[in-house]
Amino acid sequence: DAKTTQPPSMDCAEGRAANLPCNHSTISGNEYVYWYRQIHSQGPQYIIHGLKNNETNEMASLIITEDRKSSTLILPHATLRDTAVYYCIVRVALWVMNRDDKIIFGKGTRLHILP
Amino acid sequence: DAGVIQSPRHEVTEMGQEVTLRCKLISGHNSLFWYRQTMMRGLELLIYFNNNVPIDDSGMPEDRFSAKMPNASFSTLKIQPSEPRDSAVYFCAREGGRDTQYFGPGTRLTVL
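Chains as they are written, first to last, in our numbering: chain C, 1 to 115; chain A, 116 to 227.
Honestly, the hints are just simulated from the structure, not real lab data.
Where hints are given, some of them may not hold.
Stated by the list, open to error - Residues on chain C that point at chain A, a partial pick, calculated with CB under 8 Å:
#1 3
#2 39
#3 42
#4 43
#5 44
#6 93
#7 97
#8 98
#9 99
#10 103
#11 105
#12 106
#13 110
To be verified - As a list, the in silico DSS-like pairs of lysine-lysine whose alpha-carbon atoms are at most 27 Å apart:
#14 A/193 / A/183
#15 C/102 / A/139
#16 C/102 / A/193
#17 A/193 / C/52
#18 C/102 / C/52
#19 A/139 / A/183
#20 C/102 / C/3
#21 C/52 / C/107
#22 C/102 / C/69
Each residue gets a CB set at the ideal place from its N, CA and C atoms; glycine is no exception.
Just chain C, same shape as in the assembly (with noise of 0.2 Å):
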């Protein structure tokens, strides 16, 4: 079972700022929160990633509330090319992974922008 809760489907204008919410409830205190998109046909693409504090790239800012059990991935000018499925994932850092720590993808969000 995935660790994150997301919604299904959103819907965003085109220019506007996309607001992917993630719920992580039972997030461990050494799991990060990691985002990723899959565009129609292709392999997942890394996004950004964080432990508590805010994070921001080229591609998005990641917010992530003071009890970490929630995040949101904010794209600040969304364009018809940010269509694709968002995923949320929480998990150990690779150096410190062992058979018992799983990634898990979960179903994500489908994100489509409107022009």
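With chain C held as given, fit chain A onto it using these hints.
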């Protein structure tokens, strides 16, 4: 460019045949991951390697599936014998900088 080359990109085979999927990394990396994606089950981690050693293969469906990583730049996923329920897109991913994963374009497998 994720630096991951998968071959073949499409494979159509008949039930009972052996299928070998290949993953080549442009440069060697410590960790490599094999995933399977279907409409019903989504994206599932099958196995991952660290320093060419399989760390967790609990996601491998059954004994018909096997994976090897003979060196830091190459891995194979073999299905023998294949069954129609193995039809899926199989992704290979490498560890990137800052604890990220970069995915290849995938191999679409159809077993008739």
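Outcome of the hint check:
Taking 8 Å as the C-beta contact cut-off toward chain A, the hint placing residue 3 of chain C at the interface is violated, the least distance being around 13 Å. At a threshold of 8 Å, the smallest CB-CB gap from residue 39 of chain C to chain A is about 11 Å, leaving the interface hint violated. Proximity of residue 42 of chain C to chain A holds as hinted, the smallest CB-CB distance being about 7 Å (cut-off 8 Å). The beta carbon of residue 43 of chain C is positioned within 8 Å of a beta carbon in chain A (closest approach about 3 Å), and the interface hint is therefore held.
Annotation: residue 44 of chain C was flagged as interfacial toward chain A, and the flag holds, the nearest CB pair being 5 Å apart, inside 8 Å. For residue 93 of chain C, the interface hint holds, the least distance from its beta-carbon to any beta-carbon of chain A being 5 Å, beneath 8 Å. With 8 Å as the threshold, the beta carbon of residue 97 of chain C comes within range of chain A, its nearest partner Cβ sitting at about 7 Å, so the hint holds. For residue 98 of chain C, the shortest C-beta to C-beta distance to chain A is roughly 7 Å, which falls under 8 Å, so the interface hint holds.
Annotation: interface hint on residue 99 of chain C holds; nearest CB of chain A at approximately 5 Å, less than 8 Å. Interface restraint check for residue 103 of chain C: the shortest CB-CB distance to chain A comes to about 5 Å, inside 8 Å, so the restraint holds. For residue 105 of chain C, the interface hint holds, the least distance from its beta-carbon to any beta-carbon of chain A being 4 Å, beneath 8 Å. With a least beta-carbon distance of about 7 Å to chain A, the hint placing residue 106 of chain C at the interface is held under the 8 Å criterion.
For residue 110 of chain C, the shortest C-beta to C-beta distance to chain A is roughly 12 Å, which exceeds 8 Å, and the interface hint is violated. Distance check on the hinted pair: residue 193 of chain A and residue 183 of chain A sit about 9 Å apart at the alpha-carbon level, within 27 Å; holds. For the hint pairing residue 102 of chain C with residue 139 of chain A, the CA-to-CA distance comes to about 24 Å; that is within 27 Å, so the pair holds. With a C-alpha separation of about 22 Å, the suggested pair residue 102 of chain C and residue 193 of chain A falls inside the 27 Å cut-off, and the hint holds.
A distance of roughly 40 Å separates the Cα atoms of residue 193 of chain A and residue 52 of chain C; the hinted pair therefore is violated under the 27 Å criterion. For the proposed pair residue 102 of chain C and residue 52 of chain C, the alpha carbon gap of about 20 Å is at most 27 Å, so the pair holds. Taken as a hint, the residue 139 of chain A and residue 183 of chain A pair is honoured in the structure, with Cα atoms around 12 Å apart against an allowance of 27 Å. For the hint linking residue 102 of chain C to residue 3 of chain C, the alpha-carbon distance of about 10 Å falls within 27 Å, and the restraint holds.
Proximity of residue 52 of chain C to residue 107 of chain C is assessed by CA-CA distance (about 24 Å); at most 27 Å being required, the pair is judged to hold. Simply put, residue 102 of chain C and residue 69 of chain C have alpha-carbon atoms about 18 Å apart, close enough for the 27 Å limit, and the pair holds.
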